[in-house]
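Student: Chains as they are written, first to last, in full-length UniProt numbering: chain D, 1 to 234; chain Z, 1 to 234; chain E, 1 to 234; chain H, 1 to 234.
Note that these hints are calculated values from the structure, not bench results. Predicted model only: the values in this text are computed from it and were never measured. Incorrect hints may have been included.
Treat identical chains as interchangeable: a pair holds within one or across any two.
The calculated lysine to aspartate or glutamate pairs, modelled on EDC-like cross-linking and capped at a C-alpha distance of 20 Å, are [stated by the list, open to error]: (1) 208 x 112; (2) 218 x 146; (3) 184 x 136; (4) 67 x 228; (5) 87 x 65; (6) 138 x 228; (7) 219 x 136; (8) 219 x 203; (9) 213 x 203; (10) 87 x 156; (11) 224 x 144.
Number of protein chains: 4
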Amino acid sequence: MSSQYEEIKQEAYRQNMQLPQLGLVLFTFGNASVADHRLGVFAIKPSGVAYVDLTPEKMVIVDFDGKGVEGNLRPSSDTKTHAVLYKHWPTVGGIVHTHSTYATAWAQSLRDIPIYGTTHADHLTIDIPCAPPMADEKISGNYEYETGFQILNHFEANNLNPEEVEMILVGNHAPFTWGKTGEKAVYNSAVLEYVAKMATLTEQINLKAPRLKDALIKKHFERKHGPDSYYGQS
Amino acid sequence: MSSQYEEIKQEAYRQNMQLPQLGLVLFTFGNASVADHRLGVFAIKPSGVAYVDLTPEKMVIVDFDGKGVEGNLRPSSDTKTHAVLYKHWPTVGGIVHTHSTYATAWAQSLRDIPIYGTTHADHLTIDIPCAPPMADEKISGNYEYETGFQILNHFEANNLNPEEVEMILVGNHAPFTWGKTGEKAVYNSAVLEYVAKMATLTEQINLKAPRLKDALIKKHFERKHGPDSYYGQS
Amino acid sequence: MSSQYEEIKQEAYRQNMQLPQLGLVLFTFGNASVADHRLGVFAIKPSGVAYVDLTPEKMVIVDFDGKGVEGNLRPSSDTKTHAVLYKHWPTVGGIVHTHSTYATAWAQSLRDIPIYGTTHADHLTIDIPCAPPMADEKISGNYEYETGFQILNHFEANNLNPEEVEMILVGNHAPFTWGKTGEKAVYNSAVLEYVAKMATLTEQINLKAPRLKDALIKKHFERKHGPDSYYGQS
Amino acid sequence: MSSQYEEIKQEAYRQNMQLPQLGLVLFTFGNASVADHRLGVFAIKPSGVAYVDLTPEKMVIVDFDGKGVEGNLRPSSDTKTHAVLYKHWPTVGGIVHTHSTYATAWAQSLRDIPIYGTTHADHLTIDIPCAPPMADEKISGNYEYETGFQILNHFEANNLNPEEVEMILVGNHAPFTWGKTGEKAVYNSAVLEYVAKMATLTEQINLKAPRLKDALIKKHFERKHGPDSYYGQS
Numbered sequence: 001m002s003s004q005y006e007e008i009k010q011e012a013y014r015q016n017m018q019l020p021q022l023g024l025v026l027f028t029f030g031n032a033s034v035a036d037h038r039l040g041v042f043a044i045k046p047s048g049v050a051y052v053d054l055t056p057e058k059m060v061i062v063d064f065d066g067k068g069v070e071g072n073l074r075p076s077s078d079t080k081t082h083a084v085l086y087k088h089w090p091t092v093g094g095i096v097h098t099h100s101t102y103a104t105a106w107a108q109s110l111r112d113i114p115i116y117g118t119t120h121a122d123h124l125t126i127d128i129p130c131a132p133p134m135a136d137e138k139i140s141g142n143y144e145y146e147t148g149f150q151i152l153n154h155f156e157a158n159n160l161n162p163e164e165v166e167m168i169l170v171g172n173h174a175p176f177t178w179g180k181t182g183e184k185a186v187y188n189s190a191v192l193e194y195v196a197k198m199a200t201l202t203e204q205i206n207l208k209a210p211r212l213k214d215a216l217i218k219k220h221f222e223r224k225h226g227p228d229s230y231y232g233q234s
Numbered sequence: 001m002s003s004q005y006e007e008i009k010q011e012a013y014r015q016n017m018q019l020p021q022l023g024l025v026l027f028t029f030g031n032a033s034v035a036d037h038r039l040g041v042f043a044i045k046p047s048g049v050a051y052v053d054l055t056p057e058k059m060v061i062v063d064f065d066g067k068g069v070e071g072n073l074r075p076s077s078d079t080k081t082h083a084v085l086y087k088h089w090p091t092v093g094g095i096v097h098t099h100s101t102y103a104t105a106w107a108q109s110l111r112d113i114p115i116y117g118t119t120h121a122d123h124l125t126i127d128i129p130c131a132p133p134m135a136d137e138k139i140s141g142n143y144e145y146e147t148g149f150q151i152l153n154h155f156e157a158n159n160l161n162p163e164e165v166e167m168i169l170v171g172n173h174a175p176f177t178w179g180k181t182g183e184k185a186v187y188n189s190a191v192l193e194y195v196a197k198m199a200t201l202t203e204q205i206n207l208k209a210p211r212l213k214d215a216l217i218k219k220h221f222e223r224k225h226g227p228d229s230y231y232g233q234s
Numbered sequence: 001m002s003s004q005y006e007e008i009k010q011e012a013y014r015q016n017m018q019l020p021q022l023g024l025v026l027f028t029f030g031n032a033s034v035a036d037h038r039l040g041v042f043a044i045k046p047s048g049v050a051y052v053d054l055t056p057e058k059m060v061i062v063d064f065d066g067k068g069v070e071g072n073l074r075p076s077s078d079t080k081t082h083a084v085l086y087k088h089w090p091t092v093g094g095i096v097h098t099h100s101t102y103a104t105a106w107a108q109s110l111r112d113i114p115i116y117g118t119t120h121a122d123h124l125t126i127d128i129p130c131a132p133p134m135a136d137e138k139i140s141g142n143y144e145y146e147t148g149f150q151i152l153n154h155f156e157a158n159n160l161n162p163e164e165v166e167m168i169l170v171g172n173h174a175p176f177t178w179g180k181t182g183e184k185a186v187y188n189s190a191v192l193e194y195v196a197k198m199a200t201l202t203e204q205i206n207l208k209a210p211r212l213k214d215a216l217i218k219k220h221f222e223r224k225h226g227p228d229s230y231y232g233q234s
Numbered sequence: 001m002s003s004q005y006e007e008i009k010q011e012a013y014r015q016n017m018q019l020p021q022l023g024l025v026l027f028t029f030g031n032a033s034v035a036d037h038r039l040g041v042f043a044i045k046p047s048g049v050a051y052v053d054l055t056p057e058k059m060v061i062v063d064f065d066g067k068g069v070e071g072n073l074r075p076s077s078d079t080k081t082h083a084v085l086y087k088h089w090p091t092v093g094g095i096v097h098t099h100s101t102y103a104t105a106w107a108q109s110l111r112d113i114p115i116y117g118t119t120h121a122d123h124l125t126i127d128i129p130c131a132p133p134m135a136d137e138k139i140s141g142n143y144e145y146e147t148g149f150q151i152l153n154h155f156e157a158n159n160l161n162p163e164e165v166e167m168i169l170v171g172n173h174a175p176f177t178w179g180k181t182g183e184k185a186v187y188n189s190a191v192l193e194y195v196a197k198m199a200t201l202t203e204q205i206n207l208k209a210p211r212l213k214d215a216l217i218k219k220h221f222e223r224k225h226g227p228d229s230y231y232g233q234s
């Protein structure tokens, strides 16, 4: 493997292997991809291949229109959704899709996840959005392609910025997360599952738990992400 | 071990050992079997033997009337249920019975598991059926044999096809799953437990969560199982 | 270690070490003991010693009045409860006390665990009993000794047989289990936790879930424990 | 590393590494510190460094005003909260902050955790306190410093003693625990999470579960902590 795609294949492999490690996937219910915007392609998990059988060589290279570029295996069935997002969001370098239990339960519930605490506010300042199921004619058509637009449209309709909100629940289906890198996209999937679990527990403990107040939302987000952030090593 | 049954013994052993690995059984609360329809027999776990003590040689060979054919140990107490299903469903090559926590809780609740999301629809297009408890005189009679008919009758009464719906909850008891192979039957047990957990969470998050709409059910099932399926490697 | 107590020390050690393995204890929140009724003593975990630091030699030998017989360490603070049960129940060879999460939550709820399914009926034919908290003057007196009588009295008042019902929830506190051997007592603690979890889930899924009907209770218990039992190897 | 701070660096490292082992943190969502009151400093985890990359050398030495004393890395973003507590509570030798799921869900619910059982009473005699969110002007100001005073003020207003109550929920945020040593602070974080989980389950099982009665609270706390305590080895 000495192709120009070697780096994203290696990275897509590494990030896919994180998903079962973090307890986010059962069997093959998930996939990660890593893009090279300069070359206009991304590397993604092959469809239906067990994680124990994955190797960097088996990653499939696809362009931003969803067409295969390199690789002998068929890419993930969700490939076109990844392609649409990469094509329209040039700052996104990695995308992850899982059916992790708590996040998926919220998607099945067709509810945004309310911002109940600072763990949530450390990562985004709004409720985690849940896109409504798409119209029937789109489902029966080019489904995975339309799922990409379902996400794009929900962001546009709600004036959301994919650099600030790096996750969404696709209603009735499951979560997608992304980030500047594949590693960040995987990180966001684990954070989403963790926040989704705590929100579920919060409502069980106090049905009338209030949303986090604005001052705390602002403070926690900015100490991690603002111009004067002081979280982590500079 | 050079008998004609060696292959199904090995396979039954392998599939039984998957059950604790997948977190589906405590102690000996479960069993897997693998059939050879040509020879009219199946290999099944011996009764009450701990998983750490299992070997391929300890698997018991039984015919489709539930009579022992080979092996020194007593077969699983659920053997006659397996025998009835193999006898009447010639396409079934493996059967698994567990008391996995979420699926069993639904069986104890006497409710079908509603189809709330695409994870469910990827595997079957209807609610996961729960057969009602059987009549008292059957329970006190040939109980495990009647449990097989309880399953068969529920499928017939509801016009279900065991090649399309590869799982059932036996009311007040626990789940049974099956498939063309033992591996598929084990896979289905893990999927059932996962879907059962997410359905439980979905109802906790939104008591009025809607069932998945028909267009999504159809799309997800067909992309995995239809004539033009595009999931996995062809 | 060549004392006459070597065997029960070894066995008490082995059974105590099973408790963290089975996920039943955090830190030192639990203890197992094994009795020798011929010698009138039992071996029990020393108080407050971490499981990683346990050895067979550290087990403490105590008589059925709760007096130390051999060993340099102070025995478990629950020792007198064990002593009372061994003294009055001559067929009990092992006792386990844990604060396992689901069983303890039921004890804190002051509710018997309803018999909702066959997993429960495989082990006992009635709801798992929860003894009410004891009177204040007994608590401030010889507390652990009285806890033993709290259990004995609840069994007597409800006409229960400790050979048929091998577990109890002590109200507001936590579970005790027992059996002919230490291994059986540990097994019962794990079964109790498993059944307690499934009962919790069952009520979440269906608030009106019915108790198991009598025919199923009788069948499942007798196939494992009746004179014509056919579970396990004879 | 031969500085006078070597001992607390080693100990802070050891205690930080316990947090993922005990399942209390995801990624870097937590931190432990260990103080030397004689020298007026404490050692704390560097900010945003993954647990797998930690070493004793990377621990940062900070004084009780929150000023850096030794170390090349930026200390945890929660450092000033630790500093305030050490400065005002001279008997506290270790502090831990996590976002463990159940304890955080109670903090998000803005509820004290009711004392439902003896596991709770073994560690403290009152409901686990939840401090209300602080005023907006303090949040936008010196936030982590004010969080320390939020804790101190809640203890003072409720007449609580930090040697008797070694844990608090910071409303909308997450728990802090402490103790004479770093090891005790970590132990308290695990106990808090365990008690928080069992309280959640208790309310699910019985919405009207009563608080533990006074005689039991007194007995359990005193057998572990009173002048005549008989738990553990003397």
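Student: Taking the hints in turn, state whether each one holds.
Tutor: The hints, checked one at a time:
1. With identical chains, the CA atoms of residue 208 and residue 112 are at most 20 Å apart both within one copy (16 Å) and between copies (15 Å).
2. Taking the shortest alpha-carbon separations for residue 218 and residue 146, only the inter-copy value of 16 Å comes in at or below 20 Å, while the best intra-copy value is 34 Å.
3. Neither within a single protomer nor between protomers do residue 184 and residue 136 lie at most 20 Å apart by alpha-carbon distance, with minima of 33 Å and 31 Å respectively.
4. Taking identical chains as interchangeable, the C-alpha atoms of residue 67 and residue 228 lie at most 20 Å apart only when they sit on different chains, with a minimum of 18 Å there against 42 Å within one chain.
5. For the homomeric pair residue 87 and residue 65, the shortest alpha-carbon distance inside one copy (8 Å) is at most 20 Å, but the shortest distance between copies (50 Å) is not.
6. Taking identical chains as interchangeable, the C-alpha atoms of residue 138 and residue 228 lie at most 20 Å apart only when they sit on different chains, with a minimum of 17 Å there against 44 Å within one chain.
7. Taking identical chains as interchangeable, the C-alpha atoms of residue 219 and residue 136 lie at most 20 Å apart only when they sit on different chains, with a minimum of 10 Å there against 42 Å within one chain.
8. Taking the shortest Cα distances, residue 219 and residue 203 never come within 20 Å of each other, neither inside one copy (24 Å) nor across copies (33 Å).
9. Taking CA atoms no more than 20 Å apart as the test, residue 213 paired with residue 203 passes inside one copy only; the shortest distance there is 17 Å, against 27 Å between copies.
10. Only within a single protomer do residue 87 and residue 156 lie at most 20 Å apart by alpha-carbon distance; the minimum there is 15 Å, versus 50 Å between protomers.
11. Proximity of residue 224 to residue 144 under the C-alpha cut-off of 20 Å is restricted to the inter-copy arrangement: shortest distance 13 Å between copies versus 34 Å within a copy.
Checked against the numbered hints given earlier, the structure breaks hints 3, 8 and satisfies all the rest.
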